[in-house]
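Spelled out from the first residue to the last, the chains are:
Protein chains: 2
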Amino acid sequence: MDQAPPLPEINHQSVLIEGGLALDCGVHLRQLVVAYRTYGTLNAARSNAVLICHALTGDQYVAETHPVSGKPGWWGEMVGPGKPVDTDKYFVICANVLGGCMGSTGPRSPHDDRPGEPWGIEFPPVTIPDMVRAQKKLIDHLGIERLFAVVGGSMGGMQVLAWAALYPAHVFAAVPVAAAAFHSAQNIAFHEVGRQAIFADPDFHAGRYWQHEAIPARGLAVARMTAHITYLSEAALSRKFGRKLRGADSLTWFGDRFEVESYLEHQGSSFVRRFDANSYLTITRAMDFFDLAADHGGVLAEAFRGTKTRFLLVSFSSDWLFPTAQCRAIARALNHVAANVSFVEIDSDKGHDAFLLDEPDFTRTMRGFLAGAAEAAGLT
Amino acid sequence: MDQAPPLPEINHQSVLIEGGLALDCGVHLRQLVVAYRTYGTLNAARSNAVLICHALTGDQYVAETHPVSGKPGWWGEMVGPGKPVDTDKYFVICANVLGGCMGSTGPRSPHDDRPGEPWGIEFPPVTIPDMVRAQKKLIDHLGIERLFAVVGGSMGGMQVLAWAALYPAHVFAAVPVAAAAFHSAQNIAFHEVGRQAIFADPDFHAGRYWQHEAIPARGLAVARMTAHITYLSEAALSRKFGRKLRGADSLTWFGDRFEVESYLEHQGSSFVRRFDANSYLTITRAMDFFDLAADHGGVLAEAFRGTKTRFLLVSFSSDWLFPTAQCRAIARALNHVAANVSFVEIDSDKGHDAFLLDEPDFTRTMRGFLAGAAEAAGLT
Chain A
1 MDQAPPLPEI
11 NHQSVLIEGG
21 LALDCGVHLR
31 QLVVAYRTYG
41 TLNAARSNAV
51 LICHALTGDQ
61 YVAETHPVSG
71 KPGWWGEMVG
81 PGKPVDTDKY
91 FVICANVLGG
101 CMGSTGPRSP
111 HDDRPGEPWG
121 IEFPPVTIPD
131 MVRAQKKLID
141 HLGIERLFAV
151 VGGSMGGMQV
161 LAWAALYPAH
171 VFAAVPVAAA
181 AFHSAQNIAF
191 HEVGRQAIFA
201 DPDFHAGRYW
211 QHEAIPARGL
221 AVARMTAHIT
231 YLSEAALSRK
241 FGRKLRGADS
251 LTWFGDRFEV
261 ESYLEHQGSS
271 FVRRFDANSY
281 LTITRAMDFF
291 DLAADHGGVL
301 AEAFRGTKTR
311 FLLVSFSSDW
321 LFPTAQCRAI
331 ARALNHVAAN
341 VSFVEIDSDK
351 GHDAFLLDEP
361 DFTRTMRGFL
371 AGAAEAAGLT
Chain B
1 MDQAPPLPEI
11 NHQSVLIEGG
21 LALDCGVHLR
31 QLVVAYRTYG
41 TLNAARSNAV
51 LICHALTGDQ
61 YVAETHPVSG
71 KPGWWGEMVG
81 PGKPVDTDKY
91 FVICANVLGG
101 CMGSTGPRSP
111 HDDRPGEPWG
121 IEFPPVTIPD
131 MVRAQKKLID
141 HLGIERLFAV
151 VGGSMGGMQV
161 LAWAALYPAH
171 VFAAVPVAAA
181 AFHSAQNIAF
191 HEVGRQAIFA
201 DPDFHAGRYW
211 QHEAIPARGL
221 AVARMTAHIT
231 YLSEAALSRK
241 FGRKLRGADS
251 LTWFGDRFEV
261 ESYLEHQGSS
271 FVRRFDANSY
281 LTITRAMDFF
291 DLAADHGGVL
301 AEAFRGTKTR
311 FLLVSFSSDW
321 LFPTAQCRAI
331 ARALNHVAAN
341 VSFVEIDSDK
351 GHDAFLLDEP
361 DFTRTMRGFL
371 AGAAEAAGLT
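Here the protein sequences line up with chains A and B, keeping their order. Each residue of the first sequence is one higher than the one before, starting from 1 at the first, in the numbering used here. Each residue of the second sequence is one higher than the one before, starting from 1 at the first, in the numbering used here.
One should not assume that every hint holds.
Distance windows between CB atoms, simulated [what the hints assert, rightly or not]:
hint : chain 1 : residue 1 : chain 2 : residue 2 : range
1    : B       : S262      : A       : S317      : 31 to 39 Å
2    : A       : R273      : B       : H66       : 41 to 49 Å
3    : A       : Q267      : B       : S262      : 26 to 34 Å
4    : A       : K71       : B       : S262      : 32 to 40 Å
5    : B       : D349      : A       : G143      : 17 to 25 Å
6    : B       : P115      : A       : S262      : 32 to 40 Å
7    : B       : A329      : A       : T380      : 49 to 57 Å
8    : A       : S262      : B       : L16       : 54 to 62 Å
9    : A       : S262      : B       : L357      : 33 to 41 Å
To be clear about the criterion: a stretch of chain B counts as covered by chain A if any three or more of its residues have a C-beta under 8 Å from a C-beta of chain A, and this derived list gives those stretches [unchecked claim]:
hint : stretch
10   : 77-88
11   : 181-195
12   : 217-228
13   : 234-240
14   : 334-346
Rather than coming from a laboratory, the hints here were simulated on the basis of the structure. Nothing here was measured: the structure is a model prediction, and the numbers come from that model. Glycine residues also receive a C-beta, built at the ideal position from the N, C-alpha and C atoms.
Can you make the complete structure from the sequences, with help from the hints?
Structure below.
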C-alpha cells in the first residue's frame, strides 16, 4: 500500500454553479462544481425526479459501473429499470457530495485563492445542510422545481432529513434509510479514531500529501477498516468469517491468519485507490456536526413543522451504528407535527450495510411506498 | 505523543521459574519470570488462595496504587479488606500475564538466545493456556495445591475458563466475568485494526523500536482508542459525553471539538506511557487465538467433562464485546456435563467495562457466591 498510486483523474459529468455557495462555517466558496449522473427521462411536467443521496464513501455512480473500481453501481438492488426506484419511470439524479473526491468541489479541487493548488486540508469544513444546498443548486440548474422523492441511506439519509427540513416545498416524498437526526457520541468516536489513524500516517504530511507525491494509504486503510466493522453486525461477521483460518495453522503469523483479517485488509487497500484522505476527513466531520434538533432550538419536531412531505423511515434491526431507536425518534418528531410518516424496521442480521444489500423486505417496502406516493403525486 | 518517554524501569516483585515453559507454538521459553503481587495471608491449610486474572491492559496491581500511573488498583471495587474478594479472609494473588510488560516474561524481557537484547517483536506467540500454565508454576512455587477461587474479567475470564479446563482439580471455584469461550470475528477485527495502526506507525520500526529509541506512540494510541470504544456502551458514551462540545463553537477544528474526542485522546496518550506495543500485539493475538471448544474437538462441554469446580458466570446486559449470548453458551456447556454453575446477567448500561466499575448487583453477586463457596470449601 505504500506505493499507492494517486487517485485516477477522471472526467466526471458536472456543472459549474454560478455564484458559488455560502457555507455554514462562514466561508463563501466561489467555485462550486457539482458532479452528477442521471438515469431515465425527465417527464414533460418535470415531476418525476428522484434524488438519490449517497453515503460517506459512496458517489454519483449509483446505477452503473464505477469508473475506478469497475464494480456495479453501489445501489443496484434499488435503482434501475424495473427496480423499486424504477429508472423506466423516474428521472433519477445522483450527485457527488460537496467535499467529495469524485468531481464535486472538495479538497482535491482548485483552491479559490491559490491558482494551481488544490484546497487540500484547507478545504473549509462543510455540513450536511451545505451538501444539500449544493444539491439544490444542481436541481435548480436542471429546471426541477419539486423533487418527487429524495432517497438515501446512512449519511445519505441525513441529507434526506436536511432536504425535508430546508426545502419542504420542494420534496414530495422523503425516504431516510438507516439514518439518524444526529451523530451519536459512539459514532463520533469511531470517526475520530479513523481520523487519528490518518493524522498519524507520516505520508499525510499535515494534509499536504499531494505536494509530496504521497498518499496516507496506511492511515486511510486503518480508518476504512475500523469504519467497515461498524457497518456490519456481529452476526454477519460471524456468519461470513467466524474464526476461519487462512493458510497453515501456525501461531506465528500476524495480519492474515484469520479470514476476517484479510477481508478487512482488502477493504482498506482497495479503498485508498478510490478515495481521498482529506475528503474522508471533511465528510466524516460533516456527519459528526449533524444535529438537526440542535439546528432547531433543540426540538427535532421543529425541523418539520408544517411539512407536507410524505416520509418513509427505514431502520434495520441489527444496525448498531444507526439503531432503530434513533430512527424511532425521528418518527416521533414527525408524528408530533402530524406529518405523513411510515416507519418500518426491517428484520435483518446484516447490520448497517443491510441497506445496500439484497433485503427483499426492504425493496418491497420501498417499492410499495414509492408506488403509493407516485399515485398521490399524480404520476402515472 | 511523539516524544513519549520509554516505559519506566520498575523493580516488580517476581519469581524466576526453573525450567522455563513449553509454549503451545512449540518454542520452549528457557527464561520464565512471573511478576506478581499478593494481598492478605495464606492460612495454615493453604486453602484460602484466590487468583485474580487480569484483562488485556491490566496488570498485577489489582488492589494497590499503580506504580506507573499512580492510580488506585484496577479492581478496587472487588478486591480489598471487606470487599467481595476480601483480603482479610483470602490470600489474593495477581500475576502479570506471560507476554505482558509489567515484569513477567514478555517482549521487553531478555532474548533467550541474544544476550543484551530484548525479545521485542521476536517474542514467540503465546496463548491463553500458555498464560495459565505460567500462573500454575507461580502457584506451585507458592506451595499452593488448590486455589480456592480463580476470578477474572474479559481476557481474565478467558484465563479462568482455561484454568478450569486445564487444572480442574486445582480450582475449587471459578468466576469468569464478561468473557467468552472464543474470540468472535468482530473482536478479532477490532484487534486487527489496532494492530494495523501500530504497524503503520513509522516509529514502530518493524517491531525493533527499542533500537531506535522510539515508541510507536501514535499507532498504539489509535489502537487503544479503538479498543476503548468497544469497552463502553453507546448509552454510556451518550450519557458521559453526548454531543457536548469543548471550547468555542467553531466548525474549523479537528480532533478536540467534541468532549468524547478529547477523552479518547487522553485514553490513547496515557496508555502509551504504561504499555509496550509488542506486548499489545502479543496479548491481543493470544485473545484472538482463544477457542476453548476448538481445543476440545469442537465441543465446548468436553473442556469441562467431569469437573467438580463450582462456576459463577457473569455477563452484563450492555456488553457488546462479550455479549450475554456468549456467556450463556458457556453455561449451556457446563450444564451439559452437570457442572455446578450459576449464571447471572447483570443489568447495566455501562458496556463491557461494567465489570471494573461500581455495579452493586455485581459485587453483591460475587460476595454471595464466594461466601457460599467458602462454606462448601470448609473455609471459616
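Hints versus structure:
Between B/S262 and A/S317 the C-beta distance comes to about 34 Å, which sits within the given range of 31 to 39 Å. Look at A/R273 against B/H66: about 45 Å separates their beta carbons, and that is inside 41 to 49 Å. With their beta carbons about 29 Å apart, A/Q267 and B/S262 fall inside the hinted range of 26 to 34 Å. Between A/K71 and B/S262 the beta carbons are some 39 Å apart, a value that agrees with the proposed interval 32 to 40 Å.
In this structure the supplied range 17 to 25 Å is violated for B/D349 paired with A/G143, their Cβ-Cβ distance being about 52 Å. Between B/P115 and A/S262 the beta carbons are some 38 Å apart, a value that agrees with the proposed interval 32 to 40 Å. Checked against the given bound of 49 to 57 Å, the beta carbons of B/A329 and A/T380, roughly 55 Å apart, stay inside it. Between A/S262 and B/L16, the C-beta spacing of about 40 Å breaks the proposed range 54 to 62 Å.
A hinted range of 33 to 41 Å holds for the C-beta pair A/S262 and B/L357, which are about 36 Å apart. Only residues whose beta carbon comes within less than 8 Å of a beta carbon in chain A count, and the stretch 77-88 of chain B has 0; fewer than three means the coverage is violated. Residues of the stretch 181-195 of chain B with a Cβ under 8 Å from some Cβ of chain A number 11, which satisfies the need for three, so the listed coverage holds. Remark: the stretch 217-228 of chain B is confirmed as covered by chain A, as 6 of its residues place a Cβ nearer than 8 Å to a Cβ of that chain, reaching the required three.
Counting residues of the stretch 234-240 of chain B whose CB lies closer than 8 Å to any CB of chain A gives 4, so the stated coverage by that chain holds, three being the minimum. Note: the stretch 334-346 of chain B has 0 residues with beta-carbon separation from chain A under 8 Å; the three-residue rule is not met and the coverage is violated.
Of the numbered hints given earlier, the model fails hints 5, 8, 10, 14; all others are met.
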